[in-house]
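Asker: If you're matching them up, the sequences are chains G and R in order.
Mapped onto the working numbering, the consecutive letters of the first sequence carry residue numbers -8 to 473.
Mapped onto the working numbering, the consecutive letters of the second sequence carry residue numbers 574 to 837.
Honestly, the hints are just simulated from the structure, not real lab data.
Remember, it's a predicted structure, so these values are computed and weren't measured experimentally.
Do not take every clue at face value.
[Said to hold, decoys possible] Going by beta-carbon spacing under 8 angstroms, a handful of chain R positions derived as facing chain G:
#, residue
1, R659
2, I661
3, E663
4, A692
5, G693
6, Y710
7, K712
8, F731
9, R748
10, L752
11, D754
12, L756
13, R786
14, W813
[Stated by the list, open to error] Simulated DEER-style distance windows between Cβ atoms:
#, chain 1, residue 1, chain 2, residue 2, range
15, G, P30, R, A814, 51 to 61 angstroms
16, R, E827, G, G299, 58 to 68 angstroms
17, G, R213, R, V753, 55 to 65 angstroms
18, R, E812, G, R146, 51 to 61 angstroms
19, R, D807, G, S190, 29 to 39 angstroms
20, G, R146, R, T826, 36 to 46 angstroms
21, R, S805, G, G122, 52 to 62 angstroms
22, G, A51, R, V753, 29 to 39 angstroms
23, G, G122, R, D807, 49 to 59 angstroms
24, G, E191, R, R817, 50 to 60 angstroms
25, R, E827, G, R396, 36 to 46 angstroms
26, G, D92, R, N777, 26 to 36 angstroms
Glycine included, C-beta positions come from ideal geometry on N, C-alpha and C.
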Amino acid sequence: MSGEGRASADAAAGDYYEVTDVPFPEAVEGKVDGLAFLPDGRLAVACLEGGRVILYDPDADEWTLFAEGLHEPLGLVAPSNEELVTMQRPELTRVTDANGDGFADRYETVSDEFGLSGNYDEFGNGPAVDGAGTFYVTLATAYGPPEEEVRGELREAGLDFVRESAVPYRGWVLKVTSEGETTPWASGFRAPNGVAVDSEDRVFVTDQQGEWVGTSPLYHIREGEFYGFPSALVWRDDLDPGEMSPEQLDALRTRPAVEFPYGDVAVATTGLVEDTTGGAFGPFDGQLFVADFAMPHVVRVMLDEVAGALQGACARAMTHGGRGGHRVAFGPDGDLWIGFTGRETNWRGGRGVKRISWTGETPMAVADTTLTRNGFDLRFSKPVAPETVSPDAVECERYYYAYSRAYGSDKMDRTDVSVTGVERSDDGRRVALSLSELRPGYIHALTLDGVRSADGESLSHESVYYTLNRLLDGTTGNPQFE
Amino acid sequence: MDGNRVDRRAFLLSLSPTVASVAGCQLAPGDGRATAETEPGSTAASDTETDGSPSPTPERESTPAADPIATTIPGDPLSHLPDRSRVIREFMPAVGPASIAVGFPTERTTTPESYCFDAGACRFRYAWHGGLIDIPYVKDDGPATIDGETYYAATRGFPLRFGEEGREPESVDFRGYELVDRLPEFRYVADGTEIRHYLRPVENGPGVAQTFRIPDAEAPIRYVADRNAGVSIDASAGEWAGDRLRVSAAAATEFTVTIRQESA
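Excised from the complex, chain R in its bound form (with noise of 0.2 angstroms):
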């Protein structure tokens, strides 16, 4: 159930938080119902919204900036694994509802350094530097803001092609993830073919190493890269035609795409 695709590169590459806030922002707020809070007992039948879920008012907290995934539990908390990734399912901006905010754990990168995976078109689709996210929680607040600059983002579609032709996957099923050495490692299939999809943060970054698996390839793959201003992309097997990266069906089963913001 692939999302209907923007293409909005030049927009995320310039995302900041506070823009990152108005393009996200979803709809004209309220639909003019009070928002009282109703006594128990009361028979005002119309007068309050009753459908379970927060709504619309014109009185909004501000929502603790804390950190959203705070490991202090009393008792267990994840002491057992301080550098685990983030991994936070949230409405994003300028992407498929079904996305993935991924924070990398901190004690590999220099800086905090994060992506959006896209669970809905199952692919990657930015990454940025700074901080992690900020979640609104809060009805009509709109989607999640990024907290940091974001310096890459792939705008062209499912990067994968396939067959001779290098047709695009008329569907991608997502399959979900496992988290392997800390870090999600997402599965899907595009047109009845398997994917495993890790990513994980390179040296001298910002920057992130894109490793595809995919044991069942029966002819050459093709990488579609989305070549940003500042941003190298490397690959560890395959050769280059302009944007299009070939992999032969035997060098599928593993290889590995590098995104690195380049030095000032």
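So that you can see chain G by itself, here it is in the shape it has in the complex (with noise of 0.2 angstroms):
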């Protein structure tokens, strides 16, 4: 039941968005690793070969330079149409022309407080901003030993992981003011390679399954919480993670506060940002689109606030037909634009940038979806049709994902959940659905085969997962451990 995603309900997706490729400039290798759009419109671009940023002006549908030389830039923000912060591989950096002559002549260190043990893997990403203009930078672990000369403090005991931290902060997220104060504000990423603010200023990561990451999550990133890997807690004084069980690192980390099933929403998810379009990208407004290496569309996130903490839904959405999917931004006019970051490893994606435009139609898909006392209230963009919504048009699967050192994980305790009611509210809009059972700790995998909207139109996705860590009262579930 988790097989979603067949070519029919992804080819529905195309009548109500549309996918352009924006023209790339030739003489430029097109592996974005940065998007941001600048106050006066224009789309900045990093890009890996030379360290470039170009500028492209949609109107005029020109490409511009503005910067060069910085060390693999894997992210920008754009605070104003002269000046850019980009997390480069060795630090935070304001890019700023100050000149006026469209060409950066001011790079600034606005952070370098955390190490780099020149292994391949230790990227950085980011910026998120704020709305106090602090900034959030995420720190990969490496892959490997460190080079014979490191930048920081070289902890031997960080080189006993699988994914070493043996130099500051390699798996952690900093924050750093606009003047350069550097906080280590939360640990445990395995690879994280998105971050984002969003408009009530709450941070979100993503990190990549892997080793101790059973499948993609996205985290709610909270100071002092530690979400999972291991080797990043060699940086917390008051551990030792080498003598820590599974279970003991198990009872100290966060909880993903969503996290996408490997294969049938995403494979390794990249960059991520909320629909702040205010409904000129469709019925999503506020919520979180993230991007994915290996999925040919993007993933959408519906958050649902419980006994205060945040979890939620993800799903498919726009497919865009790309591999190497990097980083995303919404443009002035609404659109969502993607770069790509093929390499020449097994990452062999797509390169450049594409850009998803809504054509004014509405699609038919759950909007949204929340947790309720003994199930779950869907709501649809459009009216449902009464006689597609019975208990037998939805399938309800829960698993879970292992918390372990091993590279990712199966689903387990895979249950087949009985859909035991379904109430349609009188506009049509939402469905409350009702579960023979609601297990926290699962993720719960809804499947709506049968259902339509009233004009007769099936889901353009039919599938929504949500990541059950709590349930209204609080309780909480550990299936793994318990």
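Take the two lone chains, each set in its own frame, and fit them into one complex as the hints suggest.
Answerer: Shown next, in the form of structure tokens:
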């Protein structure tokens, strides 16, 4: 039942969204590592080769070179038309065109208060910026020993783990004020490729399936918390992660707000962005859209605050048809722009930039999913045909992903859950599902094959996957260790 | 956050592109995991690395040896800046991981000349002539390789000493750089003392003229020279005592140390 994404379903999305290849300058390798819109509407694109930042004027269809020589800039924000802030490997840097000739001439270190071992996998991602102008960046762990010269303190203890954290704060999220004051803010990340701040100043990070990460997650980041990847704890002086059992690590960790089922929704999640278009991108205003390296679509996140914590559902969303999806940004016109970064390795994705535009036709979709006392309340983008709403029209399966040193996890304890009732609201926009049982600690995968809109349309994506960490009363569950 | 320092002068002086590549070689390749592409929808959870990064693979495409900083972006290349420096932050051989390769504007030198500045240790590390660098951009292919012949390497740590006792700074903090006359001027702080460090090519080079500006010096500054064979070192101010140049606090507001390869 998790094989959603049949060609017919994805093809339907094409009626509602158009995908356009943005013409990319021939002289630039289009391995896109950063996307941000300037206040004047131009798009800034950070590229791997040459460490360039190039600017695209959509009105003039013209590219210009703004900066060069950055060391793998993996994100951008644009405080002004003359100034970008980017996370490159060695530092968070403010890049400014101070003399107004269109080409950056000032590269100021905002923060380099973290270590570099010289290992290739120690990517630095971001920044995301909150309403106060504070930056958040993520530091990936290593995949191998340090080079002969490192930057920062070398802790041998950090070498005793799969994916090392031998120099400061690998596997952490850093908070950096605009003046450069740097705080190691949260720990326990493996390869946290995406970071975003939403309009409520909530910080979100995506990580990627692998050791200790059963499937790619979305984390809601809060200060001081640990999110599960052990080597990062080397930089917590109150703990000795080398002596901690998986059960102890599990007890310490904060679970993902949302897990993206591997292969069904995502494989390796990357950049993410909140839909702040006010409806210019369709009926999903306020939700997060997440890119993925291996999937030809973006992923949509429906957050649900339950008992004081965020959890929620995810679903496949618009198909762009590309591979190597890396960075996403909404343009001033409400289009979702996606940068791709295929590399000469196993990630042979596409390159360049695509834009997804809403045609104005509303797709039939589960627009939101919220937990109830005995099931889920589904809000639809269009009224549901009454005759298509029945317990037989909905399937539910639950499973969990194991937390262990192993590389990824199978779906564990897969169990069908009976749908015992459906109740359609008078306006047809809502359907309340009752389940025979709700078990915290499990993903609940809902597939709505039979549901149609009042005008006869099937769902553009018929499955949603709810990460049920907590019941409404705050009850949690832990099927792996309880 | 200074790096661990390693004396590699002997190595660097014989640095060739081939040797540099070997010296910079990083990891034992791979971790044994398969590297096949993952098909969307696949549920093979453990057969593909998913760290969102280029990953170990036995199959390597050769990276195009094209100019890493091509300027031919249709619409506006840097036609208005034809002789800019090339300032490239990249993993460089035999230095710290936060290093910068700088190629002088080719219009200002007889042959292409370049140098490496270490933004972790905040110091000039070595210089070469012949070309710039080749960057692999592929995991396990190691750092950039130097395209040319290294003629000078500074291996004695941070070159400036402070106070009457001539102490080496305990901490250095890189603040960035700004293009001044199209050349980068590096800015850093050593034990609270702000330093601007501007490097430019010399006439009759290869060579590098390093201008230090230390406007807040309160005591004499010492510059510790690393006298490589075949290279002359001269200063615009101060007095030499062996390898140490003593510069008064007043003169430290701006002084220049010039390194030049002597003609054969």
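Asker: Does the Cβ distance between E191 (chain G) and R817 (chain R) fall inside 50 to 60 angstroms?
Answerer: 59 angstroms, holds
Asker: So, I661 (chain R) near chain G? Judge it on the closest CB pair being under 8 angstroms.
Answerer: For I661 (chain R), the interface hint holds, since the closest Cβ of chain G sits about 4 angstroms away, which is under 8 angstroms.
Asker: Can R659 (chain R) be said to touch chain G, with a Cβ gap under 8 angstroms?
Answerer: 7 angstroms, holds
Asker: Against chain G, run the beta carbon of E663 (chain R) and see if the smallest gap drops under 8 angstroms.
Answerer: Status holds, d = 6 angstroms.
Asker: Does 49 to 59 angstroms hold as the CB distance between G122 (chain G) and D807 (chain R), or does it fail?
Answerer: 54 angstroms, holds
Asker: A closest beta-carbon separation below 8 angstroms is what the hint needs, so does Y710 (chain R) meet it against chain G?
Answerer: 6 angstroms, holds
Asker: Does the Cβ distance between E827 (chain R) and G299 (chain G) fall inside 58 to 68 angstroms?
Answerer: 60 angstroms, holds
Asker: Does the closest beta carbon of chain G sit nearer than 8 angstroms to the beta carbon of R748 (chain R)?
Answerer: Check passed: Cβ of R748 (chain R) comes within 5 angstroms of chain G, closer than 8 angstroms.
Asker: Tell me if the beta carbons of A51 (chain G) and V753 (chain R) are separated by a distance inside 29 to 39 angstroms.
Answerer: For V753 (chain R) against A51 (chain G), whose Cβ atoms are near 31 angstroms apart, the range 29 to 39 angstroms holds.
Asker: For the restraint on D754 (chain R), tell me whether the closest CB of chain G is nearer than 8 angstroms.
Answerer: For D754 (chain R), the interface hint is violated, since the closest Cβ of chain G sits about 10 angstroms away, which is over 8 angstroms.
Asker: Is the gap between the beta carbons of E827 (chain R) and R396 (chain G) within 36 to 46 angstroms?
Answerer: Check failed, 57 angstroms falls outside 36 to 46 angstroms.
Asker: Would you settle whether the hint for L752 (chain R) is holds or violated, based on the nearest Cβ-Cβ distance to chain G being less than 8 angstroms?
Answerer: With Cβ-Cβ at 4 angstroms, under 8 angstroms, it holds.
When the structure is compared with the earlier hints, violations turn up for hints 8, 11, 12, 13, 14, 17, 18, 19 and 25 and for no others.
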